[in-house]
Amino acid sequence: MAIEVPVFHVLMLAGVLFLLGLAGVLVRRNIMFLLMSLEIMMNAAGLAFIAAGAVWGQPDGQIMFMFILALAAAEVAVALGIVLQISRRFDTLDIDAASDFNG
Amino acid sequence: MTLDLVLFWIPGLVAIGATGAVITRKNASRALIYLVVSLLAVAVIFFMLGAPFAAALEVVVYAGAIVVLFLFVVMMLNLGRSSVMRESRWLQPGMWIGPFILVAILAVVFAYAFANIDGVDTKGEMVGPRAVGEALFGEGAYLLAVELAGFLLLAALVGAYHLGRRYLEERREQP
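Protein chains in written order, with the numbering used here: chain F, 1 to 103; chain A, 1 to 175.
Hints in this document: simulated from the structure, not taken from any laboratory. Treat the hints with care, since some could be wrong.
[What the hints assert, rightly or not] Heads up, incomplete: computed chain F residues facing chain A, CB under 8 angstroms, no partners named: (1) I3; (2) R29; (3) M36; (4) A45; (5) S99.
Predicted model, so just to flag it, every value in this text is computed and none were measured. We put the CB at the ideal spot given by N, CA and C, even for glycine.
Construct the entire structure; sequences and hints are all you get.
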């Protein structure tokens with residue numbers, strides 16, 4: 001049986017996780033940690049969708065979560081390819097090195 | 001109600017703690033293990049909120065596929081002790097001040113916005129995989145979105161192959 005909690009608490013948890021991910025994106029310079037923080041942020045958005053779905057008792061929240069999941073998978077696949085390219089060309093994982101790509 | 005709140009915040013606090021560990025670790029593989037803990041805690045919350053299918057997807061796709069992809073890349077890049085030292089050079093304590101102020105402002109905005117919907121409870125009923133599948137493919141409401149997600153995944157597949165293939169080819173020529 002599912003729990004009944006005020007949706008305020010669930011959204012606050014999602015907000016805290018989102019803000020932790022945002023702090024990670026702002027502070028870290030290593031691309032790997034930037035991508036991990038982005039994953040955290042997207043996961044928090046998914047939690048908010050699940051919470052909304054649980055309020056109405058409808059499956060649409062889970063469907064939006066599945067779309068977020070597909071988006072996260074696509075984003076990670078391409079971004080990790082770019083990480084490999086950056087680490088090969090500049091021999092570093094510094095995100096500032098990406099500005100030297102020049103197209 | 002109170003018991004439900006306690007049950008909710010146990011994995012919630014685990015998720016917050018593990019996520020805080022992810023953004024402060026210097027070793028990438030340890031951060032990834034903490035990320036797995038965070039994702040599993042969120043999966044438990046999904047299950048308790050009545051979304052078992054989303055919980056299973058969280059474990060299988062997020063913790064099982066995406067994090068493993070990260071781990072593969074960490075292994076390919078061979079991040080060792082030098083990367084940890086470089087990481088501690090990049091991660092000065094003073095760097096946290098500016099982002100912390102911005103995040104605190106956003107936290108106040110979030111708390112204000114969410115406080116307006118206080119008094120709304122989650123329904124407490126399970127919505128199983130059958131209901132999700134029927135809503136996704138049944139009336140055709142999400143047909144276009146499903147097609148777009150398929151195109152997105154195909155584009156990501158082609159892009160990842162293209163980027164990764166050049167890396168592997170030139171690496172083979174080097175030694």
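Going down the list of hints, with the structure as the test:
Given hint, F/I3 at the interface with chain A, holds; its Cβ is 4 angstroms from that chain's nearest Cβ, closer than 8 angstroms. A distance limit of 8 angstroms between C-beta atoms decides the matter here; for F/R29 the minimum to chain A is near 5 angstroms, and the interface restraint holds. Below 8 angstroms, beta-carbon pairs count as interface contacts, and F/M36 has one with chain A at about 6 angstroms; its hint therefore holds. Here the hint on F/A45 is broken, as its CB sits about 11 angstroms from the closest CB of chain A, past 8 angstroms.
Interface hint at F/S99: violated, since its Cβ lies 16 angstroms from the closest Cβ of chain A, which is beyond the 8 angstroms cut-off.
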